[in-house]
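Undergrad: Go ahead and model the full structure; you've got the sequences and the hints to work with.
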Amino acid sequence: MTTPPIRLGIVGLGAMGRHLLADALGHPDFTVTHAVDLAPETIALLQAEHLGVNFSTSIADVIGADDVDAVYLATPPATHAALAVPAFEAGQAVFCEKPLAVSDTDAAAMLAAAAKAGQAAGVNFVMSDRLSTRYVEQAIADGQVGEVLGLEIRLAFPVWPRGFQAEATWVGERAQGGFVREVFSHFAYLTDRLIGPLRAVHTELEHRSVASETAAYGLLKAGKVPVQLSGIVGAAGPETYEWILRGTKQSYKLTAWRDLFVAEGNTWRPVELTGAPGSETTRLTLFAQAIRGDHSPDLAGFAAAERVRQAVEAFHR
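Take the sequence shown: its letter number 111 is residue 111 in the numbering used here, and every next letter is one higher.
Rather than coming from a laboratory, the hints here were simulated on the basis of the structure. It is possible that some hints are incorrect.
[Said to hold, decoys possible] Simulated restraints on C-beta separations:
no.: 1; residue 1: 64; residue 2: 44; range: 21 to 31 Å
no.: 2; residue 1: 249; residue 2: 58; range: 48 to 58 Å
no.: 3; residue 1: 142; residue 2: 234; range: 35 to 45 Å
no.: 4; residue 1: 303; residue 2: 90; range: 17 to 27 Å
no.: 5; residue 1: 199; residue 2: 261; range: 22 to 32 Å
[To be verified] Straight line, CA to CA, 16 Å or less: simulated EDC-like cross-link-like pairs of lysine to aspartate or glutamate:
no.: 6; residue 1: 249; residue 2: 272
no.: 7; residue 1: 253; residue 2: 106
no.: 8; residue 1: 249; residue 2: 173
no.: 9; residue 1: 253; residue 2: 264
no.: 10; residue 1: 253; residue 2: 272
no.: 11; residue 1: 224; residue 2: 152
no.: 12; residue 1: 253; residue 2: 242
Only a predicted model underlies this, so the values are computations on that prediction, with no experimental measurement involved. For glycine and all other residues, C-beta sits at the position ideal for the given N, C-alpha and C.
TA: This is how it looks when you write it as structure tokens:
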């Protein structure tokens with residue numbers, strides 16, 4: 001018996017929404033029935049490219065629509081609750097971009113609605129199904145790392161927002177944006193998953209204008225393990241994404257999202273990873289499995305996303 005495809009609706013057609021649209025159109029588990037955005041010019045452009053999808057500027061064409069089984073939200077985080085809660089109430093599954101929300105009230109409403117509905121609820125953290133994540137997770141479980149002594153997260157951006165996000169002006173604003181919410185959240189998720197929930201000890205943001213932060217410094221703890229964050233905007237040099245776990249037997253360094261290195265002495269050597277590295281396509285597969293009742297730990301759920309949100313928003317309080 002052939003399993004019918006899941007009818008997917010997409011809300012928000014910026015960079016991430018368009019990227020997932022392309023992946024979902026070719027995905028065997030989904031058929032994209034509707035996609036909405038508030039920009040008429042975006043709708044007109046995409047409708048001409050994808051005649052089999054119904055594009056519009058009306059949120060009601062996706063949220064609560066009878067011909068939509070699941071919703072992907074690629075909208076600013078402060079809008080997530082207003083979209084996810086009625087979607088859950090209509091019996092739709094929800095896959096949304098991170099962060100889960102900005103305010104405590106919105107996050108609580110989303111968690112309550114998801115729990116009441118019993119529908120699949122996922123958040124698109126890029127590290128959730130990375131091959132590198134699973135490799136380090138297994139090394140820790142096997143005792144190869146020894147005692148975890150500490151973690152460091154280093155981020156640097158010559159320009160913020162980054163080029164691919166330039167059209168999303170909110171990413172550069174204090175209310176919802178900034179690299180702590182947009183980027184640190186991914187590594188906070190990775191730390192939460194591999195070591196444990198994060199608790200802020202000291203956090204500090206710096207601003208050069210009314211826009212989002214230009215520097216962030218923080219000491220957090222995952223259990224007894226200290227976690228240090230340093231981030232900067234505007235410095236010369238390439239974009240930097242580093243997550244370093246230091247153990248008594250082995251240390252691991254993750255760079256550029258997926259390049260993994262290990263040290264057992266004084267030098268780093270690359271870890272040769274084989275298999276699918278993890279992507280929006282594979283996370284869509286995991287979301288489809290969750291909708292059908294098979295929940296994988298490699299799909300981030302709302303509970304993990306809320307723990308990450310708490311760590312992120314500690315910098316903004």
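Undergrad: If a hint holds in the structure, say so; if it does not, say that too.
TA: Outcome of the hint check:
Checking the proposed 21 to 31 Å range against residue 64 and residue 44 shows it holds: the Cβ atoms sit about 25 Å from each other. Distance hint check: the CB atoms of residue 249 and residue 58 are about 57 Å apart, consistent with the given range 48 to 58 Å. For the pair residue 142 and residue 234, the beta carbons lie near 42 Å from each other, so the given range of 35 to 45 Å is met. Restraint check, residue 303 to residue 90: a C-beta distance of roughly 22 Å satisfies the suggested window 17 to 27 Å.
Here the CB-CB span from residue 199 to residue 261 is close to 28 Å, well matched to the stated 22 to 32 Å. Taking the CA atoms of residue 249 and residue 272, the gap is near 19 Å; set against the 16 Å cutoff, the hint is violated. Proximity of residue 253 to residue 106 is assessed by CA-CA distance (about 35 Å); at most 16 Å being required, the pair is judged violated. For the proposed pair residue 249 and residue 173, the alpha carbon gap of about 42 Å is over 16 Å, so the pair is violated.
Restraint check: the Cα-Cα separation between residue 253 and residue 264 comes to about 12 Å, which is no more than 16 Å; the hinted pair holds. Restraint check for residue 253 and residue 272: the C-alpha separation of about 13 Å stays at or below 16 Å, so the hint holds. In summary, the hint linking residue 224 to residue 152 is supported, as the alpha carbons are separated by about 14 Å, within the 16 Å threshold. The suggested pairing of residue 253 with residue 242 holds, with an alpha-carbon distance near 7 Å, which does not exceed 16 Å.
Figure legend: structure checked against the earlier numbered hints; hints not met, in rising order: 6, 7 and 8.
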